[in-house]
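Given only the sequences and the hints, what does the whole structure look like? Please build it.
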Amino acid sequence: KQKLALGMINPEDFKKLNLTSNLNIKLSNKYGQVIIKAIQEKNVPSGIVLLPVSIWANQITGFENNRLVFKNVKVNVNNTDESIMNIKDLINSFKN
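Numbering (my numbering) for the sequence shown: 43 to 138.
What the hints contain is simulated information worked out from the structure, not anything from laboratory work. Incorrect hints may have been included.
Below, simulated EDC-like cross-link-like pairs (lysine to aspartate or glutamate); rule was C-alpha separation at most 16 Å, straight line [unchecked claim]:
{"id": "1", "residue 1": "K79", "residue 2": "D123"}
{"id": "2", "residue 1": "K57", "residue 2": "E83"}
{"id": "3", "residue 1": "K68", "residue 2": "D55"}
{"id": "4", "residue 1": "K84", "residue 2": "D55"}
{"id": "5", "residue 1": "K116", "residue 2": "E106"}
{"id": "6", "residue 1": "K68", "residue 2": "D123"}
{"id": "7", "residue 1": "K68", "residue 2": "E124"}
{"id": "8", "residue 1": "K58", "residue 2": "E83"}
{"id": "9", "residue 1": "K79", "residue 2": "D55"}
{"id": "10", "residue 1": "K84", "residue 2": "E54"}
{"id": "11", "residue 1": "K79", "residue 2": "E124"}
{"id": "12", "residue 1": "K72", "residue 2": "E106"}
Restraint-style ranges between C-beta atoms, simulated for each label pair [claimed, not checked]:
{"id": "13", "residue 1": "D131", "residue 2": "G89", "range": "28 to 34 Å"}
{"id": "14", "residue 1": "N107", "residue 2": "Q82", "range": "32 to 38 Å"}
{"id": "15", "residue 1": "K113", "residue 2": "P53", "range": "20 to 26 Å"}
{"id": "16", "residue 1": "K113", "residue 2": "F136", "range": "19 to 25 Å"}
{"id": "17", "residue 1": "M50", "residue 2": "G74", "range": "16 to 22 Å"}
{"id": "18", "residue 1": "G104", "residue 2": "I129", "range": "17 to 23 Å"}
{"id": "19", "residue 1": "N108", "residue 2": "I81", "range": "31 to 37 Å"}
{"id": "20", "residue 1": "K84", "residue 2": "N107", "range": "31 to 37 Å"}
{"id": "21", "residue 1": "K137", "residue 2": "N85", "range": "36 to 42 Å"}
Please read all numbers here as calculations on a predicted model, not as lab measurements. Even glycine gets a Cβ: it sits at the ideal position worked out from N, Cα and C.
Written out as structure tokens, the structure is:
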């Protein structure tokens with residue numbers, strides 16, 4: 043899978059979400075949703091999922107008051123066995 047389709051998460055949050063190496067995380071909010079791989083990172087504060095700037099992160103960004111909202115975006119986080127969408131499918135989803 044793509045190297046940018048990931049989110050760094052505190053190990054305690056990883057446990058609270060009952061994550062395993064076989065599961066991904068689904069991030070969703072009013073702008074959209076995305077499925078990415080969760081990577082445990084002790085330096086990420088609890089309650090935060092840190093994503094690199096990427097097409098996957100863009101799925102949960104939007105506009106408010108004519109401004110792009112792309113930092114400190116609130117999301118719902120759930121574990122899932124759904125697959126990470128590949129980049130070609132993401133790009134094709136914009137065409138429809």
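Given the hinted pair K72 and E106, is their Cα-Cα distance within 16 Å?
Given pair K72, E106 holds - Cα atoms ~11 Å apart, limit 16 Å.
Just to be careful, I want the Cα atoms of K79 and E124 compared with a cutoff of 16 Å; is the pair within it?
Holds - the C-alpha atoms of E124 and K79 are around 10 Å apart, at most 16 Å.
If you draw a straight line from the CA of K58 to the CA of E83, is it 16 Å or shorter?
Holds. K58 to E83 sits at ~14 Å (cutoff 16 Å).
Is the Cα-Cα distance between K84 and E54 16 Å or less?
Satisfied, since the Cα-Cα distance of roughly 9 Å is no more than 16 Å.
C-beta pair G104, I129: status relative to the range 17 to 23 Å that was hinted
holds, 20 Å
Keeping to a limit of 16 Å between CA atoms, is the pair of K68 and E124 held or broken?
Between K68 and E124 the Cα gap is close to 8 Å, so the pair holds against 16 Å.
Would the hint linking K79 and D55 be met if the CA-CA limit is 16 Å?
Holds, at about 14 Å.
Outcome for the supplied range 31 to 37 Å, where the beta carbon pair is K84 and N107:
Distance hint for K84, N107 holds at roughly 36 Å.
Could you grab the alpha-carbon distance between K68 and D55 and see if it respects the 16 Å cut-off?
holds, 14 Å
Is the Cα-Cα distance between K84 and D55 16 Å or less?
holds, 10 Å
Is the hinted pair K79 and D123 satisfied, with a Cα-Cα distance of at most 16 Å?
Judged against 16 Å, a Cα distance of about 10 Å means the pair holds.
Range first: 28 to 34 Å. Now tell me if the beta carbons of D131 and G89 are that far apart.
Hint holds: Cβ distance 30 Å, inside 28 to 34 Å.
Hint compliance for this structure: every hint is met.
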